[in-house]
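Use the sequences and the hints to build the structure in full.
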Amino acid sequence: MIKNNFLHNDYFLLLFRILLGTLFLFAAVEKISDIQKFSVSIQNYRIIPAYLANIPAITLPWIELITGLFILFGIKTRESAFIISCMLIVFTSAIIIAVIRGLDIECGCFGTLMAEQAGFRKITENVITLFFSIILLVKGSGKFSLINS
Amino acid sequence: MFLEKINIKTILLLVISSVILGFAYNSLSKFGIPIIFEEKDYENFSESTGYQTIEPLLINLEQAIEFYGEKKVQFIDARDRWDFAESHILGAINIPEYSFDSRNFDTSTLDKNHPYVVYCEGDDCDTSKRLAEELIKLGYSKIFIYEGGFSEWTNLELPVDKK
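Read top to bottom, the protein sequences are chains A and B.
Taking the numbering used here, the leading residue of the first sequence gets 1, the next gets one more, and so forth.
Taking the numbering used here, the leading residue of the second sequence gets 1001, the next gets one more, and so forth.
Just so you know, the hints here were simulated from the structure itself, not pulled from any lab data.
Glycine included, C-beta positions come from ideal geometry on N, C-alpha and C.
Honestly, I wouldn't trust all of these hints.
Claimed, not checked - Counterexamples of contact, computed for chain A against chain B with all Cβ distances above 12 Å: (1) Leu14; (2) Thr92; (3) Val127.
What the hints assert, rightly or not - Quick look at which bits of chain A chain B covers, simulated, 3 or more residues with Cβ under 8 Å: (4) 43–52; (5) 73–85.
So this is what it looks like as structure tokens:
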């Protein structure tokens, strides 16, 4: 059976996995390199009380790291994509809330490396990333993976 | 249906393992942070605390006005460059805290023996405190934080420089 729909194409699934996996690995490493600064970024959103901000600062980058690695190698792809999709929904919601409140803050998305404003551009980037993640959630890893899942 | 192919136990295992790894790394790392963040309490400046500080000292409005009158005290605006460009305390320089990188900061541009007053918007912002801490780490020993900030200064129509 010829699969001519690009969403079924194993090469596209591999491409999405590489893009998503690399992005999250990179973001994770940058945050882990300066957890303090990431905690400050979380506090700036003023969504959770400041005294609790260190907990997501300590744990979120590691969730990004592990799921990023798994997706890159095609291990437990659907489950990793599910977690990544949830994180993206949470991050994007936080940015939308910041924009509505008129907060002029740095996104905190890539730790100390890139100062990106929490704004519409970031929301758009996240939505596109979420799109790739949902495709992997629905379709799985494709045949180019360590463990086909 | 793809939902049937998703293993909830795997999801929980991934998340819990990552969380454990995160806490483990944090406790072993020399850059680890406390699990519960505690807001730091700064001491208020007075004649008895002196001008040489190993930690930033807080100053109130009266002290800020007095320091402002002493020409050799330099005010530093810790807000971003767009806020600074719009308006700032007259004579202040801008060191935006959000993009401040102590590793790349050229300390020859600021005399370490000079006293500096750091401010941001006002009561609700911590940017001045964070910048003050970074400057102390770089070896600046006369760092004061004007907590009232730009909003208090402008409310009293004190001198500003604006676009």
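Comparing the hints with the structure gives:
Taking the minimum C-beta to C-beta distance to chain B, about 18 Å, the non-interface status of A:Leu14 holds against the 12 Å cut. Remark: the non-interface label on A:Thr92 is consistent with the geometry, its nearest Cβ contact in chain B lying 19 Å away (cut-off 12 Å). Consistency note on A:Val127: stated as away from chain B, and its beta-carbon is indeed over 12 Å from all of that chain's, at 20 Å minimum. Three residues within the 8 Å Cβ limit are the bar, and the region 43–52 of chain A against chain B gives 4, so the coverage statement holds.
Only residues whose C-beta sits within less than 8 Å of a C-beta in chain B count toward coverage, and the region 73–85 of chain A has 6 of them, enough to reach three; the restraint holds.
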